[in-house]
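*Asks:* Please build the complete structure, drawing on both the sequences and the hints.
Just so you know, the protein sequences line up as chains A and B, in that order. Position in the first sequence (from 1) plus 3 gives the number in our numbering. Position in the second sequence (from 1) plus 1414 gives the number in our numbering.
Misleading hints may appear alongside valid ones.
[Said to hold, decoys possible] Pairs of lysine to any residue residues, derived as SDA-like cross-links and limited to a Cα-Cα distance of at most 25 Å, are as follows:
| # | chain 1 | residue 1 | chain 2 | residue 2 |
| --- | --- | --- | --- | --- |
| 1 | B | Lys1471 | A | Lys64 |
| 2 | A | Lys64 | B | Met1441 |
| 3 | A | Lys52 | B | Ile1510 |
| 4 | A | Lys52 | B | Gln1514 |
| 5 | A | Lys52 | B | Arg1458 |
[Unchecked claim] A few chain B positions that, by computed beta-carbon distances, are all more than 12 Å from chain A:
| # | residue |
| --- | --- |
| 6 | Asn1415 |
| 7 | Pro1422 |
| 8 | Gln1425 |
| 9 | Thr1429 |
| 10 | Met1433 |
| 11 | Asn1442 |
| 12 | Pro1453 |
| 13 | Ser1481 |
| 14 | Asn1484 |
| 15 | Ser1489 |
| 16 | Leu1525 |
[As the list claims (entries may be wrong)] To be clear about the criterion: a stretch of chain A counts as covered by chain B if any three or more of its residues have a C-beta under 8 Å from a C-beta of chain B, and this derived list gives those stretches:
| # | stretch |
| --- | --- |
| 17 | 49-61 |
| 18 | 102-108 |
Hints in this document: simulated from the structure, not taken from any laboratory. We put the CB at the ideal spot given by N, CA and C, even for glycine.
This is what each chain is made of:
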Amino acid sequence: AQSVTQPDIHITVSEGASLELRCNYSYGATPYLFWYVQSPGQGLQLLLKYFSGDTLVQGIKGFEAEFKRSQSSFNLRKPSVHWSDAAEYFCAGVLSGNTPLVFGKGTRLSVIA
Amino acid sequence: NAGVTQTPKFQVLKTGQSMTLQCAQDMNHNSMYWYRQDPGMGLRLIYYSASEGTTDKGEVPNGYNVSRLNKREFSLRLESAAPSQTSVYFCASSEIGAVQETQYFGPGTRLLVL
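*Replies:* Structure below.
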């Protein structure tokens, strides 16, 4: 079955530290992959997306993600986390044809001083 | 430009009651979606409408009906609410429904079924 997996339910990092959130997908020779962020009590906002070309994708708020086909991964990174980055992060993908977008279960990020 | 709006923001229902969740977008998008979000489950697609006049089932359609009233509005109806439908419901839209498109989300409706 097509799926998007986020192995980490909750991650805590110190402000100023680097961040990497993991995302793996199953199936899909040419997946379309997305990272969304959800601030508390809000809807989801797109951070970045990948569907072809350069495997390192730049997004908003200083985030980037790298598509690695050999590892079926699309990990999200940020070099220096700010307290305002505390939120829930969702990886999502369209894994074949015109199937609907499939979301991972989310990773909650906490930022400590 | 309000984007995607949802009403109500919060609702409490008793088991067996019915209600309609409203969604509207002002971005002239063709495609609209309804998701539910449950703790530890991510977002799951309930129904979607690729264009005005069409609707299709998503991953978890049971217990729900939808209406694409016009290009702007896409409503979700619970005919007989059950406690299992306690959730946060998000409406989203995208320009033409192409796989690489960004979906734009509303702020959500928090529903509690007692």
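*Asks:* Hint by hint, note whether the structure agrees.
*Replies:* Evaluation of the provided hints:
For the given pair, B:Lys1471 sits about 34 Å from A:Lys64 by alpha-carbon distance, which is inconsistent with the 25 Å threshold. The straight-line distance between the Cα atoms of A:Lys64 and B:Met1441 is roughly 23 Å, inside the 25 Å bound, and the hint therefore holds. Pair hint A:Lys52 plus B:Ile1510 holds up; C-alpha atoms about 17 Å apart against a cutoff of 25 Å. A distance of roughly 8 Å separates the Cα atoms of A:Lys52 and B:Gln1514; the hinted pair therefore holds under the 25 Å criterion.
At roughly 19 Å between alpha-carbon atoms, A:Lys52 and B:Arg1458 fall within 25 Å of each other, so this suggested pair holds. No beta-carbon of chain A is positioned within 12 Å of the beta-carbon of B:Asn1415; the least distance is around 15 Å. Consistency note on B:Pro1422: stated as away from chain A, and its beta-carbon is indeed over 12 Å from all of that chain's, at 15 Å minimum. Residue placement check: B:Gln1425 keeps its beta carbon more than 12 Å from all beta carbons of chain A (closest about 16 Å).
Residue placement check: B:Thr1429 keeps its beta carbon more than 12 Å from all beta carbons of chain A (closest about 26 Å). Every beta carbon of chain A lies more than 12 Å from that of B:Met1433, the smallest distance being close to 20 Å; the non-interface claim holds. Its beta-carbon lying about 18 Å from the closest one in chain A, B:Asn1442 satisfies the requirement of being farther than 12 Å from that chain. Taking the minimum C-beta to C-beta distance to chain A, about 9 Å, the non-interface status of B:Pro1453 is violated against the 12 Å cut.
For B:Ser1481, the shortest C-beta to C-beta distance to chain A comes to about 19 Å, beyond the 12 Å cut-off, and the non-interface label holds. Every CB of chain A is more than 12 Å from the CB of B:Asn1484 (nearest about 22 Å), matching its label as outside the interface. Under the 12 Å C-beta cut-off, the non-interface status given to B:Ser1489 relative to chain A holds; the minimum distance is some 17 Å. B:Leu1525, annotated as away from the interface, keeps every beta carbon of chain A farther than 12 Å; the closest lies near 15 Å.
With a cut-off of 8 Å between beta carbons, the stretch 49-61 of chain A has 3 residues touching chain B; three or more are needed, and the interface restraint holds. Coverage of a stretch by a chain is defined here by at least three residues with a beta carbon nearer than 8 Å to that chain's beta carbons; for the stretch 102-108 of chain A and chain B the count is 5, and the condition holds.
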